[in-house]
Amino acid sequence: MLLVYDGTFEGYLSVVFEVYKRKLEPTEITAKEHFQHTMFTSKEEITTDFDHAERVWKGLQQKLKPELNQIPYSAWLSGEKGIEMALLEYIRQAFILPLSVEGNFGDANILTVRKAARRVMREAMRVLQFVRFQCTLDGIYFSAISPEYDVLPLTIKQLQNRFADQNWVVYDLKRDYGFYYNKKTSEEITLADKTFSRSTGAMPANLLQEEEGFYQQAWIGYCKSTTIRERLNPKLQRQHMPKRFWKYLTEKKR
Amino acid sequence: MNDIVQKKLNILADAAKYDVSCASSGNNRANTQGGVGNAVNCGICHSFTEDGRCISLLKVLMTNNCIYDCAYCINRRTNDRPRATLTVEELVDLTIGFYRRNYIEGLFLSSGVIKSPDYTMERMMLVAKKLRIEERYNGYIHMKAIPGASSDLIHQAGIWVDRLSVNIEIPSNPELKRLAPEKNYVDIYRPMNFIKENIIAQKEERKHLRHAPTFAPAGQSTQLIVGATPESDRQILSLASDLYQGQRLKRVYYSGYLPVNEYDQRLPAIKTPPLVRENRLYQSDWLMRFYKFKANEIVSDEHPFLDLEIDPKLAWALRNLHQFPINVNKAPYEMILRVPGIGVQSAQRIIEARKFRTLNTQHLTKIGVVMKRAKYFIVNNELPASVFDLPSETLRKQIILGDKPKPKSQPDTQLKLFSFGDNVKPLRLTTNLAMLD
Ligand code: SF4
Numbered sequence: 001m002l003l004v005y006d007g008t009f010e011g012y013l014s015v016v017f018e019v020y021k022r023k024l025e026p027t028e029i030t031a032k033e034h035f036q037h038t039m040f041t042s043k044e045e046i047t048t049d050f051d052h053a054e055r056v057w058k059g060l061q062q063k064l065k066p067e068l069n070q071i072p073y074s075a076w077l078s079g080e081k082g083i084e085m086a087l088l089e090y091i092r093q094a095f096i097l098p099l100s101v102e103g104n105f106g107d108a109n110i111l112t113v114r115k116a117a118r119r120v121m122r123e124a125m126r127v128l129q130f131v132r133f134q135c136t137l138d139g140i141y142f143s144a145i146s147p148e149y150d151v152l153p154l155t156i157k158q159l160q161n162r163f164a165d166q167n168w169v170v171y172d173l174k175r176d177y178g179f180y181y182n183k184k185t186s187e188e189i190t191l192a193d194k195t196f197s198r199s200t201g202a203m204p205a206n207l208l209q210e211e212e213g214f215y216q217q218a219w220i221g222y223c224k225s226t227t228i229r230e231r232l233n234p235k236l237q238r239q240h241m242p243k244r245f246w247k248y249l250t251e252k253k254r
Numbered sequence: 001m002n003d004i005v006q007k008k009l010n011i012l013a014d015a016a017k018y019d020v021s022c023a024s025s026g027n028n029r030a031n032t033q034g035g036v037g038n039a040v041n042c043g044i045c046h047s048f049t050e051d052g053r054c055i056s057l058l059k060v061l062m063t064n065n066c067i068y069d070c071a072y073c074i075n076r077r078t079n080d081r082p083r084a085t086l087t088v089e090e091l092v093d094l095t096i097g098f099y100r101r102n103y104i105e106g107l108f109l110s111s112g113v114i115k116s117p118d119y120t121m122e123r124m125m126l127v128a129k130k131l132r133i134e135e136r137y138n139g140y141i142h143m144k145a146i147p148g149a150s151s152d153l154i155h156q157a158g159i160w161v162d163r164l165s166v167n168i169e170i171p172s173n174p175e176l177k178r179l180a181p182e183k184n185y186v187d188i189y190r191p192m193n194f195i196k197e198n199i200i201a202q203k204e205e206r207k208h209l210r211h212a213p214t215f216a217p218a219g220q221s222t223q224l225i226v227g228a229t230p231e232s233d234r235q236i237l238s239l240a241s242d243l244y245q246g247q248r249l250k251r252v253y254y255s256g257y258l259p260v261n262e263y264d265q266r267l268p269a270i271k272t273p274p275l276v277r278e279n280r281l282y283q284s285d286w287l288m289r290f291y292k293f294k295a296n297e298i299v300s301d302e303h304p305f306l307d308l309e310i311d312p313k314l315a316w317a318l319r320n321l322h323q324f325p326i327n328v329n330k331a332p333y334e335m336i337l338r339v340p341g342i343g344v345q346s347a348q349r350i351i352e353a354r355k356f357r358t359l360n361t362q363h364l365t366k367i368g369v370v371m372k373r374a375k376y377f378i379v380n381n382e383l384p385a386s387v388f389d390l391p392s393e394t395l396r397k398q399i400i401l402g403d404k405p406k407p408k409s410q411p412d413t414q415l416k417l418f419s420f421g422d423n424v425k426p427l428r429l430t431t432n433l434a435m436l437d
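Chains as they are written, first to last, in our numbering: chain A, 1 to 254; chain B, 1 to 437.
What the hints contain is simulated information worked out from the structure, not anything from laboratory work.
Any given hint might turn out to be false.
For lysine to aspartate or glutamate, the following EDC-like pairs were computed, each having C-alpha atoms within a straight-line distance of at most 16 Å [what the hints assert, rightly or not]:
{"#": "1", "chain 1": "A", "residue 1": "K65", "chain 2": "B", "residue 2": "E352"}
{"#": "2", "chain 1": "A", "residue 1": "K21", "chain 2": "A", "residue 2": "D51"}
{"#": "3", "chain 1": "A", "residue 1": "K224", "chain 2": "B", "residue 2": "E50"}
{"#": "4", "chain 1": "A", "residue 1": "K252", "chain 2": "B", "residue 2": "D51"}
{"#": "5", "chain 1": "B", "residue 1": "K271", "chain 2": "A", "residue 2": "E230"}
{"#": "6", "chain 1": "A", "residue 1": "K115", "chain 2": "A", "residue 2": "E80"}
{"#": "7", "chain 1": "A", "residue 1": "K252", "chain 2": "B", "residue 2": "E50"}
{"#": "8", "chain 1": "B", "residue 1": "K196", "chain 2": "B", "residue 2": "D242"}
{"#": "9", "chain 1": "A", "residue 1": "K235", "chain 2": "B", "residue 2": "E352"}
{"#": "10", "chain 1": "A", "residue 1": "K235", "chain 2": "B", "residue 2": "D51"}
{"#": "11", "chain 1": "A", "residue 1": "K224", "chain 2": "B", "residue 2": "E352"}
{"#": "12", "chain 1": "A", "residue 1": "K243", "chain 2": "B", "residue 2": "E50"}
{"#": "13", "chain 1": "A", "residue 1": "K247", "chain 2": "A", "residue 2": "D172"}
{"#": "14", "chain 1": "B", "residue 1": "K292", "chain 2": "B", "residue 2": "D242"}
{"#": "15", "chain 1": "A", "residue 1": "K253", "chain 2": "B", "residue 2": "E50"}
Some chain B residues well away from chain A (every beta-carbon gap over 12 Å; in silico) [said to hold, decoys possible]:
{"#": "16", "residue": "E50"}
{"#": "17", "residue": "N65"}
{"#": "18", "residue": "K177"}
{"#": "19", "residue": "V186"}
{"#": "20", "residue": "D187"}
{"#": "21", "residue": "E197"}
{"#": "22", "residue": "P268"}
{"#": "23", "residue": "T394"}
As the structure is a prediction and not an experimental result, all values here were calculated from the model.
C-beta atoms are modelled at their ideal positions from N, C-alpha and C, and glycine is treated no differently.
Using the sequences and the hints, build the whole thing.
See the structure below:
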């Protein structure tokens, strides 16, 4: 049997709730947008129920190691084909196993979930590494980037801790949404009026503070000066800093 | 802020780049109310230079003027080079401006010696103090203590910075004296000991008084130049081992000697820095810190130099074949850690995963073990036992041959990468976000 949900994490958790409550044996779980008609399997659409979702989430948290409790959400964010079923198995095992499920590396499903989560976490890390703020005339530090997965929500807490006393925006160009932080809390935003480049996130100079140009030039100069010419190794550079991020990097702009 | 600052920055970044210690790790400094920045557990690399090194900190000299004349140093007073000095304010502005734009994790400040060690140290200390007090900056600061500076100034600096370090540079006192007649080990060890004692005392005090000031909470580190002088790897590694144990250093960095002053007859005539050797030293250092190896297991009187062809872990295993094969389903963690082809992460996973089931070859591969290498050193219930009868030399050749078809891997200066053939790349730039594995 095929279960379809609305494509949100709460939707997915609602599916898990139904599976438990009605002892369903799904062969596939998929988001509505990825659903393809098949003739042979029966299909049921599960409506999202926040209450159910929360109950699953809370119950699950008690079974996970606190330092690893982001794995299910991160793995789900990967959007990988089949991740929903692997994750269902992960959750199942978390509830029944006497040992902590995270260590069951010998199980294909558990390994799939951990690897997917790892890829997503790595992408979130890259956002934290490679996002570059430009200080606009109204004193907001603006940045934009296109991560492979929808990872901005995973980075907000860190950005808030780090840039606690400045207003900032971090914007996902691919998914056309971002977060605005006002020195107290951050909220999700979508910018209808794109005053910045849609491909690189660069703001035009006339919208930036005067000293912005100085810092950008100083940074570009710094990156050049700190390079050791005798040890050039562009391959290694690309390995650590994938080319797909270069267009957002101040130091890689001409 | 203007062109002049930009020019000065370029000169002083260029002059500082040979100092390899860039990691901004080892300390959690929470942001205070209304301040800017926090230092997270492991340094984040915000960019990478074309030579592939991590840019995590604004690494810069306060000045490249110097009253000394160390043979191995590009900034020695007899060199005819462009010289510059950044003011305290300029350094503060650059640090904050870069930090707010997410260019850097913090500041790494070193300096040539102007007028006197105290004069120099005081200005450096002021940069840190201003950042913390006036700018309410909570990002990372790593500062070099100037040998010969007064204890009082070093103490003041220690209050504001995360890490203080004194570079030893030359791995033995006689060689140091030969290349840097104005320096000696006493002047280096005095501040090093002083810092060590302050760190210990302050930790003790903070146990009772939670709000007592910190003192270089991320500890101290040092750098050794490799290949400028004739010390053996054995000498270097036992010095490093002493520094970790005796001086409680957090990190020792090794820097392959770059021939910056070719005209100086006291230095060896080499064209390129000894990168492979530097890499092997880092791997050995890694083995001492994370794989529970002792220096004398890695190099000894019979083998005073590291094998450049194979990594030190494999070299150890080949010298100690009598300890293998080991059973991955039973052996203790420490022993699993010693198997070539199994890194720290794979070893931990094996310990976890074998609680669930007996692990076979396929499980091991999935976990990240490099079976191509590990198969010579382990048993489970499947592997044929015959391969274990090979003599060490044959095995060595076979393994090297097995590695050949791969494109030659680049020596890497990013330490966190060393995983000894561990397939699972560590999430190398972890913060507390990246808590997986
Ligand atoms: S004291 Fe430092 S900066 Fe001065 S010459 Fe010696 S190594 Fe270079």
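Each hint, compared with the structure:
1. K65(A) / E352(B): 13 Å, holds
2. K21(A) / D51(A): Judged against 16 Å, a Cα distance of about 14 Å means the pair holds.
3. K224(A) / E50(B): 8 Å, holds
4. K252(A) / D51(B): Within the cut-off at roughly 15 Å; holds.
5. K271(B) / E230(A): 10 Å, holds
6. K115(A) / E80(A): 11 Å, holds
7. K252(A) / E50(B): Answer holds: K252(A) to E50(B) is near 11 Å, not above 16 Å.
8. K196(B) / D242(B): Distance ~14 Å between K196(B) and D242(B) Cα, so the pair holds.
9. K235(A) / E352(B): 35 Å, violated
10. K235(A) / D51(B): 9 Å, holds
11. K224(A) / E352(B): 45 Å, violated
12. K243(A) / E50(B): Given that 16 Å is the threshold and the Cα spacing comes to 13 Å, the pair holds.
13. K247(A) / D172(A): 14 Å, holds
14. K292(B) / D242(B): 15 Å, holds
15. K253(A) / E50(B): 14 Å, holds
16. E50: 5 Å, violated
17. N65: 17 Å, holds
18. K177: The claim holds: K177(B) sits with its nearest Cβ about 27 Å from chain A, beyond 12 Å.
19. V186: 32 Å, holds
20. D187: Check passes; 28 Å lies beyond 12 Å.
21. E197: 32 Å, holds
22. P268: 16 Å, holds
23. T394: Per Cβ check, T394(B) is outside 12 Å of chain A; nearest 33 Å; holds.
Hint check: violations occur at hints 9, 11 and 16; the rest are consistent with the structure.
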